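Student: We have chain A; now place chain B onto it with these hints.
Heads up: the protein sequence lines correspond to chains A and B, in order.
Using our numbering, you'd call the opening residue of the first sequence number 1 and step up by one each time.
Using our numbering, you'd call the opening residue of the second sequence number 142 and step up by one each time.
Quick caveat, the hints were computed from the structure, so don't treat them as lab data.
Misleading hints may appear alongside valid ones.
Said to hold, decoys possible - A short list of chain A residues far from chain B (calculated; beta carbon distances all over 12 Å):
| # | residue |
| --- | --- |
| 1 | 7 |
| 2 | 33 |
| 3 | 34 |
| 4 | 70 |
| 5 | 77 |
What the hints assert, rightly or not - One-sided and incomplete, this derived list gives chain B residues near chain A with beta-carbon spacing under 7 Å:
| # | residue |
| --- | --- |
| 6 | 146 |
| 7 | 150 |
| 8 | 152 |
| 9 | 175 |
| 10 | 179 |
| 11 | 180 |
| 12 | 192 |
| 13 | 195 |
| 14 | 196 |
| 15 | 199 |
| 16 | 203 |
Everything numeric in this text was worked out from a predicted model, so none of it was measured.
Where a beta carbon is used, it is the ideal one built from N, C-alpha and C, also for glycine.
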Amino acid sequence: MSEPLVFHYDVDGSDFTSAGQASVFVKRNLRQLGLDPEIIRRVSIAMYEGEINMVIHAEGGEADVIVTEDAVEIVLKDHGPGIADVEKAMQEGYSTATSSIQSLGFGAGMGLPNMKRYSDEMQIDTELGVGTTVRMKIRLT
Amino acid sequence: MKICTVKELLNAEVKCCEERLGDHVYSACGSDMMSDVLAYVKDQAVLLTGLVNAQVIRTAEMMDMVCIVFVRSKEPTADMIRLAESSGIVLMVTDCRMFDACGLLYENGLKGRAKKRE
Chain A
1 MSEPLVFHYD VDGSDFTSAG QASVFVKRNL RQLGLDPEII RRVSIAMYEG EINMVIHAEG
61 GEADVIVTED AVEIVLKDHG PGIADVEKAM QEGYSTATSS IQSLGFGAGM GLPNMKRYSD
121 EMQIDTELGV GTTVRMKIRL T
Chain B
142 MKICTVKELL NAEVKCCEER LGDHVYSACG SDMMSDVLAY VKDQAVLLTG LVNAQVIRTA
202 EMMDMVCIVF VRSKEPTADM IRLAESSGIV LMVTDCRMFD ACGLLYENGL KGRAKKRE
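The following block holds chain A by itself, in its conformation from the complex:
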């Protein structure tokens, strides 16, 4: 694999039911590429948490998954409200999600910590009122 493979997805933020579809596609595509199942699981979970966050907090956005010889990079970009306090948001259990989201099984304050846990590198660029871009890298070796 010399050229990076890029998968692009638009994440629909209008319907919680469809949240996670992009992650399912990514998982199936990575399986077809024959990547290690543990790597695929880490990429899938990190992206799924990110996708759910985009739907809950930012009315959707865009996801790019770039597969190179040595890593899988996930770039999630939204035009939502931004994250007021990134340090706080990274704490397990801290969440600004509504109780209606919690009744759907999310918003327990585990999203960003899980994304960090499952990736080797994670970077958050956020600006209030402008949006958030999260980059995660999972190394293949």
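Tutor: Using the frame of chain A, we list chain B on its own:
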């Protein structure tokens, strides 16, 4: 433990993927919070939950789980069943409560064994 044994122990009704009832499962977890489920990795083949929405199916797929048990007679929707079928995940419904369902499976040898990723 075979998935058909899970069905028998919980007196559950299978909703899809019956062809997988002969598959073996080695551990399980019970939760209504999908983010908590996603915080744990490895060898969790069965998810017991009282939550009913499409994200339960997707969470199970992300975690490579093969069987979801809905407790307290919670019925999955037709869309959820279709989603599970496309992912090859067995869905079943039991009238057991969560604590009883987990206890019955544990007592018969299906353990948690979940390990949090550091």
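Student: With chain A as the partner, please determine if residue 152 of chain B meets the hint condition of a C-beta pair closer than 7 Å.
Tutor: violated (25 Å)
Student: With 7 Å as the cut and Cβ atoms as the points, is residue 192 of chain B at the interface with chain A?
Tutor: Given a least distance of 5 Å, the restraint on residue 192 of chain B holds.
Student: Once the shortest beta carbon distance from residue 179 of chain B to chain A is found, is it less than 7 Å?
Tutor: holds (5 Å)
Student: Does the nearest C-beta of chain A fall within a distance shorter than 7 Å of the C-beta of residue 196 of chain B?
Tutor: holds (6 Å)
Student: Does the claim that residue 7 of chain A lies off the interface hold, with its Cβ farther than 12 Å from every Cβ of chain B?
Tutor: About 16 Å separates residue 7 of chain A from the closest Cβ of chain B, which puts it past 12 Å; holds.
Student: Does the claim that residue 34 of chain A lies outside the interface with chain B hold up, using a Cβ gap greater than 12 Å?
Tutor: holds (16 Å)
Student: Let me know if the C-beta of residue 146 of chain B comes in closer than 7 Å to any C-beta of chain A, holds or violated.
Tutor: violated (25 Å)
Student: Are all C-beta atoms of chain B more than 12 Å from that of residue 70 of chain A?
Tutor: holds (21 Å)
Student: At 12 Å, judged by beta carbons, does residue 33 of chain A keep clear of chain B as stated?
Tutor: holds (17 Å)
Student: Quick check on residue 195 of chain B please, does its C-beta sit within 7 Å of some C-beta on chain A?
Tutor: holds (5 Å)
Student: Is the shortest C-beta separation between residue 175 of chain B and chain A less than 7 Å?
Tutor: holds (4 Å)
Student: Checking hints one by one. Is residue 180 of chain B an interface residue toward chain A, by the C-beta closer than 7 Å rule?
Tutor: holds (5 Å)
Violated hints, in rising order: 6, 7 and 8; the structure is consistent with all others.
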